[in-house]
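Asks: Protein chains in written order, with my numbering: chain D, 1 to 295; chain U, 1 to 667; chain V, 1 to 187.
Honestly, the hints are just simulated from the structure, not real lab data.
Any given hint might turn out to be false.
[What the hints assert, rightly or not] Straight-line distance between alpha carbons at most 25 Å, and here's what the computed BS3-like set of lysine-lysine pairs gives:
1) Lys204/D / Lys138/V
2) Lys118/V / Lys145/D
3) Lys64/U / Lys45/U
4) Lys69/D / Lys171/V
5) Lys138/V / Lys277/D
6) Lys204/D / Lys488/U
7) Lys204/D / Lys171/V
8) Lys165/V / Lys139/D
9) Lys38/D / Lys118/V
10) Lys138/V / Lys118/V
11) Lys138/V / Lys38/D
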Amino acid sequence: MKKYAYYPGCSLESLAKGYHLSAMAVTKEFGLELNEIKDWNCCGSTAYFPVDELLAYTLVSRNLALAEKMGASDFVAPCSACYKNAYFTNSYLQSDTDLADHINYALEEDQLHVDGSLKVRHLIELFIEDVKLEEVEKKATHPLKGLRVAPYYGCQLVRPRKAKEDVENPRYFENLLSAIGAEPIEYANKTRCCGGSLIITNRKAALSMVQILLQDAVIHGADVIATTCPMCDVNLEVYQEQVNREFGTHYSVPVMYFTQLMGLALGIDPGRLGVGKSELASLQAKAVAQPAESQ
Amino acid sequence: MTERIGVYVCHCGTNIAGVVDVAAVSKWAGEALAGRGVVIARDYKFMCSSLGQELIQKDIKEQKLTRVVVAACSPHLHERTFRNACKGAGLNPYLCELVSIREQDSWVHTDKVAATAKAKAIISGGVERVIHHEALEPLRVPIHPATMVVGGGIAGIQAALEIADAGFPVYLVEREPSIGGHMAQFDKTFPTLDCSACILTPKMVDVGNHPNITLMTYSEVQKVDGYVGNFAVTVKKKARYIKEADCTGCGICWEKCPWKFVDEVFEAGMAKRKAVYTPFPQAVPKYPVIDDQTCVYFSKGTCKACQKFCPTNAIDFEQKDELLTVQVGNIVLATGFDLFDVNRIPQYGYKRLANVYTNLEFERLCNAAGPTGGNIVLRDGKTVPKAVGIVHCVGSRDQNYNPYCSSVCCMQSLKFAHLVHERTGADVYNFYIDIRTPSKGYEEFYQRLLEEGTHFVRGKVAEITDTARTPEEEGKLVIQVEDTLIGKQRRIPVDMVVLSAGLQARHDAKDVAKMFGIACSAENWYTERHPKLDPVATMTEGIYIAGCAQGPKDIPASVAQGAAAAARILGKIQQKEIALEPVRASINEEQCSGCRICNSLCPFSAILFHEDKMVSEVNPALCQGCGTCVAACPAGAISGTGFSNEQILSQIEGLLLLNIPVKEAVA
Amino acid sequence: MVADLSFSQEITNLMYASHGEPISHCLQCGTCSGTCPAVEFMDHSPRALIGMIRADLKEEVLASNTYWSCASCFYCNARCPAGIDIAEMMYALKRYSMWKGRSREGLIGPDFSEAFVKMIVNSGRSFEPLLAATYLPKFSAAAIIQEGLTATGLVLSGKMPLLPKKIKGLKNFRRMVRRIIPIGEPE
C-alpha cells in the first residue's frame with residue numbers, strides 16, 4: 001500500500017470544503033489512505049513568487065520535508081496550484097544541489113530536512129494511475145447516465161510540461177468521467193486559464209477569461225463543469241453572477257469538483273460530499289433532460 | 001644514418017609573427033636541433049606562396065635534404081601544398097611534416113614569450129617525428145565505370161542523366177513504382193510558376209529512354225559491399241506482378257480493377273487509386289504495379305479482373321521479388337525528404353477540423369490531374385473558400401519540433417497565396433515570422449504577392465479553432481495569432497487553412513546511411529564532407545549525396561547538387577583509378593593472435609578475418625586511418641602508417657625537448 | 001560591476017531556478033502573445049515586453065501592467081519555439097518591481113502579494129478576509145458592493161473562513177523565513 005501524504009492546502013478548509021469532504025470520502029472507498037501532513041503551511045499559490053523566489057521555494061519545501069518526515073512515498077495535493085508548486089520545487093531540489101543546500105539551511109531552524117525523494121501527485125492522478133479506471137468503473141454503482149460533463153483541466157494541472165506528455169489535448173479526465181458513466185463533452189478551451197488570482201488583481205481580465213470558458217462549455221452542451229482546483233471552481237462558480245452582470249449573459253452552470261461527481265457515482269450520500277440539496281436536484285434534472293436542446 | 005632535415009618557419013604575415021618571434025625560433029632550430037639532424041632552418045613571410053615553396057625545393061636539391069618540417073598553419077590547409085612541393089623536388093611527399101604553430105599556438109595565446117617557447121617545442125616535436133617517417137606511395141584503386149544513383153527524384157534524375165549522357169552506365173534505383181519524387185506531386189513551381197510536371201516529365205522520359213540508364217523502380221537497396229571504385233550493391237526488385245516485356249501500359253487493368261483505396265503516398269490521402277495502378281499518368285516506367293497489401297487476390301484469392309481483361313496477358317500473380325547484385329564504382333544517394341507530421345501540433349487542428357490542409361495535400365488540390373481537377377474547394381468538394389489562411393513555419397524553427405528552417409516553405413506559401421488569388425479571388429492571409437526569399441527572382445515574387453493584395457500578418461499562429469466568440473466567427477476556422485507589427489492579438493476567421501509543414505529527413509535515413517557507411521547529422525540529414533566547400537561528397541570515398549537528403553533546399557539547388565555529384569564521379573571515372581591516402585592501419589600477421597577485437601570496432605567495416613590463418617587483415621581501400629584498431633589491439637599488432645607508435649612517442653619526446661641538451665633547450 | 005548589467009541580465013539573474021532558454025533567444029515570433037488568455041488586458045503583449053527588456057527600456061517595462069496581469073498559466077511556455085520560460089520571466093519582473101518599489105500606480109498586484117507574504121510569515125496560513133484590505137480600496141464603489149454580495153454568499157454557504165488560523169510551529173517557521181530574507185519580527 002502506498003503511503004500518501006495529503007496536503008489539503010488553505011482553501012480546502014473552508015472555501016473548497018466540498019472538495020475536501022468528497023476527496024476523503026472517495027479515496028476511502030478505494031482504500032487509498034491519505035494522511036494529512038501535520039502542521040503544514042500555505043504553499044503560496046501564485047502569491048509568493050512575485051516577492052522572493054528562494055523564500056517561495058523554501059515555504060513549499062517545508063511541506064515536502066514534513067511529508068518526508070512522515071515516511072510517505074507520495075505527496076498528494078488536490079489543488080492544482082499547490083500541486084504545481086510542490087512538483088517543481090521537488091524537481092529543482094533533485095537537480096540543483098545549491099538550491100537544496102540553501103533551503104535545507106533554512107529548514108534547519110524547524111529541525112527539518114528535505115531530500116526531494118517524494119513523488120508529487122495531483123489527486124486526480126491517483127484514480128487514473130494507482131486505482132486504474134477499470135476499478136473506478138466497477139465501483140461506480142450509480143453511473144451518472146445522461147449527465148454531460150465539461151472536464152475543466154485548468155492550466156496548472158497540465159502545464160508546465162513535466163515529461164513528454166500531451167499538454168495540448170490530454171484525455172485522462174474525459175476517460176475518468178466516462179468511467180463513472182458520465183458523458184464528457186468535447187470543447188476546445190479545457191486547459192485555458194480561468195484567471196486564477198487575477199480575480200483579485202485584475203478582475204476585468206479574470207471575468208473575461210471565465211466568461212469564455214462558461215460560453216464554450218455551454219455551447220457544447222455541458223450540464224455541469226467538473227473542476228480539479230479550488231481556485232478554478234471558485235472563479236467559475238462563485239463569480240458567475242458577476243460575469244453575467246459584466247457581459248449581460250445568463251449563465252447558470254453548476255460547477256462541481258470531480259471528486260463530488262465521483263462520489264455521487266459511487267453512491268455516497270451527497271451530504272458527505274458537500275453537495276447541497278439544490279445542486280443535487282438540478283443535476284438530476286439535467287441528467288434526464290434531452291441533450292439535444294443545447295446544440 | 002642521421003637524416004638531413006630542413007626546418008621552415010612561416011610568418012604567415014602577422015598571424016604567426018605577431019605573437020611568435022619567428023626569427024628567433026628559426027635561429028634556435030638551426031642551432032639547438034643541429035644535433036638531431038637539422039642542417040638548415042629558415043623563416044619566411046608566406047611559406048605557402050610559390051616563392052616559399054621554391055625555397056624548400058631549392059634546399060632539397062642543394063642541401064640534399066632527406067626530411068622537411070614546415071612550421072606554419074594547420075595541415076588541413078596546406079599539408080597538400082608542401083607535400084606537392086617536396087614531390088616536385090624529388091623528395092617523397094610523406095617525408096614532409098607540417099606542424100601547426102598558428103592554430104595551436106599564435107592564434108590561441110597572447111603571451112608572446114610563452115608562445116615563442118611553445119613554437120620551439122612544437123618544431124622539436126615535428127623534427128623528432130619526421131625522422132621516423134617512411135616513404136609511402138598512395139594506394140591506387142581501379143574505378144568501375146558504372147554508377148548507382150539511389151533515389152529517382154529531381155536530384156537523382158539530374159545526376160543519372162549527366163553521367164549517362166557522358167557515355168557511362170547508370171543504375172537508377174527508386175523505391176516507388178515511378179521516378180519523379182516529390183516534384184511530380186506539385187502543381188506549379190516557384191518563382192516562375194512553371195507547371196511542375198511539364199518541366200519534370202521531359203527529364204523523366206529521357207531517363208526512361210536512355211540507353212545507358214538501367215531503371216530499377218519499385219526497388220530498394222538491401223546491402224552494400226566493397227569500397228570506392230568497387231562496390232557490389234544488392235538490390236531487391238519488388239514484384240510488380242506485371243510482365244514488363246509484355247505490358248504496353250494501355251491501362252485496361254486499372255480501369256477494370258473494382259477495388260479503390262486511399263492513395264496516401266502520391267495523392268497525400270486526397271484521392272483514391274486502384275489496387276493495380278500507376279501513381280500518376282506520366283509515370284516512368286509506364287508499367288503499373290499490383291499492391292499486394294490491398295489487392296483482393298492476395299488476401300482472398302478472388303477477382304483477377306485485371307488478368308481477365310489484359311490484352312497482352314501481362315499479369316503474373318506468381319511473380320516473385322528479385323534480388324540482383326550490381327557492380328558499380330560510385331554511388332549517389334539522392335533519397336529526398338519526408339514532410340513534418342502536423343499531427344504533432346494538435347492546436348493547429350489538422351484532422352480535428354476538416355478544412356485544415358497540409359502543403360502536400362494543397363499541392364494535390366491545385367494540381368490539374370489531382371482530385372478536384374485543380375479547383376481550390378473545401379473538403380466537401382464544391383464550396384469555394386472566401387478566405388484562406390496560409391501558416392508558415394509549421395514544425396520548423398521550433399525547439400519543440402525541428403529547430404532548423406526548412407528553406408522552401410516561405411516561397412511555397414507565397415506560391416499558394418498566388419494560386420488562391422488566381423483561382424478563387426478569396427482573401428488570402430499569410431502568417432509568418434520572417435519572409436525568406438533569398439534566391440533569384442524570389443524577392444520579386446514576394447513583391448508580386450504584395451501587389452496581388454495578400455494580407456501578410458507577421459506572427460506565428462498560436463492556435464486554430466472552430467469555437468466562435470462573435471457572429472463573424474460562426475462556421476469559420478478562426479486563426480488566433482499576435483499581429484506582432486501592431487502588437488495586438490487577432491482572431492481571423494477563414495474558410496480554409498493551409499499548413500506549410502517543414503521538411504524532415506526520411507524516416508529511415510539513419511538506416512540507409514548506415515547501410516552505405518556514411519554519417520547523418522542530429523536531424524538525420526546526410527553529412528557532407530565540408531559544409532561550405534564540399535557539399536556533395538561524404539567522408540566515405542565513392543559515396544556522394546545530392547538533393548534534400550543532404551538538407552532542405554529548393555529545386556535549383558537539388559539539380560545543382562545532382563549535377564555536381566555527377567561531375568565529381570565523371571572526373572573519377574575519367575581518371576580510371578583513384579589514389580587513396582596511404583595513412584592506414586596494417587596488421588602484423590605474426591603478432592596477431594586472432595582475437596578479432598578489432599573486427600567489430602572498425603567503424604568502416606574495413607577489417608577482414610582469415611579463417612584459415614586465424615589472423616585479421618585490414619583492407620587498405622576501406623581503411624580511413626582512424627586508429628581505433630591500433631589503440632584497441634591487446635597484442636599491439638596493429639600500427640598505422642603515418643601514425644606508428646614510434647612516430648608518436650618520438651613526437652612527444654620532441655615536444656618535451658628531451659633529446660637536446662638542457663642549456664640549449666631553455667634558450 | 002552592477003552598473004554594467006543590462007536590464008535583460010538583471011531580470012535573468014532573478015530567474016534562478018528556471019530551466020528555460022535565455023530571453024536573448026527570442027525570435028519575436030509572437031506565439032506567446034497569440035496564446036496568452038490575458039493579452040487583451042495588457043498594455044504590451046508578452047512578446048513586446050521581451051523586446052522592450054532587450055532594448056533596455058527599464059522604466060517603460062516596469063511601468064507596464066503586463067507582468068502584473070499574467071495569470072501564470074504557462075501556456076506561453078508550452079508553445080514558445082525558442083524554449084523561453086516566459087511565465088517565470090513575468091515573475092522575475094514582479095520580483096524586480098517589488099524589490100525596487102517601482103510599479104505603476106493603482107495596481108492591486110504589488111500590495112496584494114506583499115500583504116499575502118506578510119500574512120504567511122505571521123501565521124503560516126492564508127486568510128482571505130485579511131487580504132480584502134489590500135484590494136477593496138482600489139475597487140470602484142460598484143465593484144465593492146459586488147464583492148460584498150459575493151462574500152455574503154460565501155459566508156451563507158459556509159465557505160468563507162471566519163477565523164484566521166496559525167500553524168503550531170510558528171516560532172521556528174519565522175526563524176526559518178528569516179534565514180532566507182529578514183522579514184517579520186526578529187525572535
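Asks: State for each hint whether it applies.
Replies: Structure-based check of all given hints:
Proposed proximity of Lys204/D and Lys138/V is supported: the alpha carbons are some 13 Å apart, at most 25 Å. Our distance criterion of 25 Å between C-alpha atoms is broken by Lys118/V and Lys145/D, whose separation comes to about 48 Å. The straight-line distance between the Cα atoms of Lys64/U and Lys45/U is roughly 24 Å, inside the 25 Å bound, and the hint therefore holds. A threshold of 25 Å between alpha carbons decides the hint, and for Lys69/D with Lys171/V the separation of about 19 Å falls inside it, so the pair holds.
About 37 Å separates the Cα atoms of Lys138/V and Lys277/D, which puts this hinted pair outside 25 Å; it is violated. For the hint pairing Lys204/D with Lys488/U, the CA-to-CA distance comes to about 18 Å; that is within 25 Å, so the pair holds. Distance restraint check for Lys204/D and Lys171/V: the Cα-Cα separation of roughly 39 Å exceeds the 25 Å cut-off, and the hinted pair is therefore not satisfied. Only pairs whose Cα atoms come within 25 Å are accepted, and Lys165/V paired with Lys139/D is rejected, the gap being roughly 37 Å.
About 22 Å separates the Cα atoms of Lys38/D and Lys118/V, which keeps this hinted pair within 25 Å; it holds. At most 25 Å may separate the alpha-carbon atoms for a hinted pair to count; Lys138/V and Lys118/V meet this at roughly 20 Å. In summary, the hint linking Lys138/V to Lys38/D is not supported, as the alpha carbons are separated by about 37 Å, beyond the 25 Å threshold.
The structure does not agree with the numbered hints 2, 5, 7, 8, 11 stated previously, though it agrees with the rest.
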